[in-house]
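Protein sequence lines correspond, in order, to chains A and B.
Each residue of the first sequence is one higher than the last, beginning at 1 in this note's numbering.
Each residue of the second sequence is one higher than the last, beginning at 131 in this note's numbering.
Some chain B residues judged to face chain A by a derived CB distance under 7 Å, without partners named:
id : residue
1  : Q690
2  : V759
3  : D777
4  : D816
5  : V827
Covered by chain B, according to a simulated footprint, are these stretches of chain A (three or more residues, beta-carbon under 8 Å):
id : region
6  : 40-49
7  : 64-71
8  : 86-96
9  : 105-115
For the record, the hints were derived by calculation from the structure and aren't laboratory data.
The beta carbon of each residue, even a glycine, is placed where N, CA and C say it ideally should be.
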Amino acid sequence: MNLLYALATAILCGIGLYLMLSRHLVRMALGVSLLSAAINLVILQAGRLGAVLPPLVAEGAATVAAGTANPVPQALVLTAIVIGLALVALFAALVLAAWIKLGTLDTRAMRAAEPTAAAEPGPAPDAVKP
Amino acid sequence: MSLFALLALGFLAAGAAPRLVRHAGRFAATLLALVPATIFVALLGLSPRVRDGMPVAETWPWVPALGIDLTLRLDGFSLLFSLMISGVGALVVVYAGAYFAEKPAAVRARFLTLILLFMTAMLGTVLSDNLVVLFLFWEATSIVSFLLVGFEAGSATARRAAVQALLVTGGGGLALLGGIVLIGAELGTYSLSALYARAPELANSPRAPLVAVAILLAAFTKSAQYPFYFWLPNAMQAPTPASAYLHSATMVKLGIFLLARFEYLLAPLPGYRSVLVAFGAVTMLVASVQALRASGFKAVLAYSTVASLGILVMLVGLDGPVASVALVGFLVAHALYKATLFFCAGIVLHATGEGQLRRLGGLARTLPLTAAAALLASLSMAGIPPFFGFVSKELLFEAQIESSWEAAPIVVAVLVNATMVAVAGIVSLRPFFIPGRAATPVLHGETPGLLLGPLVLAVIGAGLSLRPDIVTRNIIEPAVRDVLRTPVAVEVSLWHGFTPMLLLSGLVFVAGGAIWFFSRTIHSFLNRLRGLDRISGDALYERGIAAVLRAAERVTRRLQHGDLRRYLGTTVLALLVACAVVMWRVGARPSLDLSGPVRPVAVGLLVVAVLAAVAVVRSRSTIAALVAVGLAGVSTALLYLVNGAPDLALTQFSVEALLVVLLTAFVLPLPLATAPTRSRPERRWDAALATGFGIAVLVGLQSLTNQPFDRALTDAYERLSVPEGFGRNVVNVILVDFRALDTLGETAVIAMATLVVWSLFRMSGRSPEAADAPRMPGAFVLAVQGRPLFWLVLAMSILILLRGHNEPGGGFVGGLVGALAFAILTLAEGADRAGRTMRFHPMAIAGLGLALALASGLAPGCPYLDHSWGTIGPAGVSLKVGTTILFDVGVYLAVLGGVTAMLRRAYREGAR
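Just chain A, same shape as in the assembly (with noise of 0.2 Å):
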């Protein structure tokens, strides 16, 4: 089972990246969600996975009971979740603030930062959506 998991998470990481290399920036931030979920499961997976209850104290009990899945990846993924989320949120306004402003989603064409030598100056700051 943890080769299937293993692969399964491979798979994911490999997939995110592939997207994450694209010059279209949905693709890219759709890349980074996938990304995101994928490497929450390397997480996991670094605390063993295999047991199903969840790591809570019964009623009365002192620790938890034999069995218990680890707490201490699920605090981890737990933060990196949200955090993900807010990531994700970011990239997706940053997506629609690039649209507004340079009426484009391809990442070749934005150039204002690092503009290139001569050969192809990128679109003027103020250029409208069209």
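Starting from the known structure of chain A, arrange chain B on it as the hints suggest.
Chain B only, in chain A's frame:
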């Protein structure tokens, strides 16, 4: 007075200079000069102790763990330098006050501050016993020198000279740092006195040659040796008071100071002395030729200084005790006459506004005292008895004859000293005493402030040799002793009898006279030799700088190509290569982890997730891709659920729901179909890269899960959760208690992301409020059931928050579910009405949440975020409450406010 107090006095004076200039006006410089004068007198007071072989040492622990202490040590050699620094310093301050008398107060204040700072840095350098501290002060002198050379910042030449001086001396400073670090690594100490005690250890260590090269580089750049000498003549752009102080009497001698300090340690290295003699000789020759070629008053002086520095380097290189005596003697003589000549050059420049020697003449009538001082100084420079320069020159020849060298250094020294005689004539006789076609007109006469410095130094230079025993016993002998680290009886007298040295002196004088007589011819002849420019280091420097800039441009163009895809690709490729190299180096072999029983549910979920991800890639429609990403997310959430992580499942579900709402708002205004942006080969390359990345993840994960698992941390958290965290949900206890600081940081990240999203569209210039079109007559189901559903979900979110400490739930999930409630309301009734229902601005809510989380950790009497607990309620029904709940409420509010704010932005912007 303590040495620390002396340094502090210098710093204080520098700091007080601007205020003093404002209040005391023209007397400020004279008042400030009292500080170096006080230091000078205090040092004189310490000199009997030093003379008797009891150095003054003071220590202040600074970074004891690294062996860095503020240790100051005044021995004979540092006393010699300190006296020159403070003595000439006092005169320079007075001189500067008069030199800048007509300048605005702000300019005067700036100059006086810098010159006093410089003096303090110099004192610190020569007094430091700890090499790291010495390096810091050394660098400080470079930086202040940069500011002084570029004092007239409006002039491009001055700026170029300043940058050049900084780059050359700063480069040497880096070498010095390297050498010091090597010494520390070899011997484990940075203390000079400790090094002296273990001198053979350093000389025998394998890295000693490297240390020697580093020290030589530092000294040669600072003391302007060939091929690094070019910065010094260019630095004549500095105002003359600075030139007199930095570039003749003090800073340029720091290199000599360093060499002398390390002579005892490094001289046993084979070839070390020869390198010094060779560089000194070449520098002397090159500088002599350049001095005869130069035509500016200050330029001639600058080149003659370079030649003198070459003599000093050669003297360090020569063996035998007389060489050290000659070194110290020449240091004193040179500081006296060269500072005087610079002072005189400044007066002439100031009075006539003319810096070219050939346009100056007959100034003895208008500037008589200046002319007298210049004459005295140049007689000393020419080595005419009875001046101190004569004594030091005799010592130089004696050192050369006594040393184990053959005739070569003597020939060079005779030639160079003859040139010095000629230069002395050129800079004193011609402008002052031999009338040109007409005496140069003078704008104004001499002032007492300008005259004090040159007269005092010139008279000392003349008087010293009349009673040489005083200075010999108190200054020269202790200095020589502490360079050689063995007592030496020094006998300095004016008349040695008929010796070979006297013969050489006579030879020098005759040759010098001849050079002087034909100096105009020689000057114009040498100026026709354009080839000499090519061997000057300046051209080399120019070419070097240009090459560096070109290379930087090429590298930048190559690395910063502006293509996002290539940036990311390069990063990933580098990561993969690094992984592969590390695996190969440690000989790791990938292993398979086949453990764990296969669970059909989990396998099914994994397959769905992978298929969904594949669908994202295949789909060219944004909507379809969004749905597929959501599907992958939901599969992940279910995977969490079947693996004992209900908290995560709950969170992931809420996130997926919110993402749908958020992304549709952000992405729907964009074109819904996406055309491929990569060519087929590009896609193939990216696929290969992504496959490599996937393989790396696979191999990494498999190797990781194959390792035995260390449960120590997990066990500790599980054990402590109830007794110390008072919570039965271990995940939540970790979040709000054990690792609360992490959680706080992550909450802040969310608040920051919200802030960015919020301000992103504000900057687009259009008022979002105006564009809030009511485009929602959304779905009928939502319109009818929106509000009840909203209240239900909101209530649920609070329940999730409150029970989170003992059951699955908590602030993060609660906040997300709460945001979901507002998302439902937004979909049902539009962003406007949803906002009104919220009453408060979502950003305010997020800020309040963050503040609450921050404040919850501030319990009196215990460490930050180490939550306190108490019991409240009437007897019998006690309720345990802790500040953790405040913390979790803070997280809840921050997430709720943050996500809602993003939602509102998304709907306002997306609607347009």
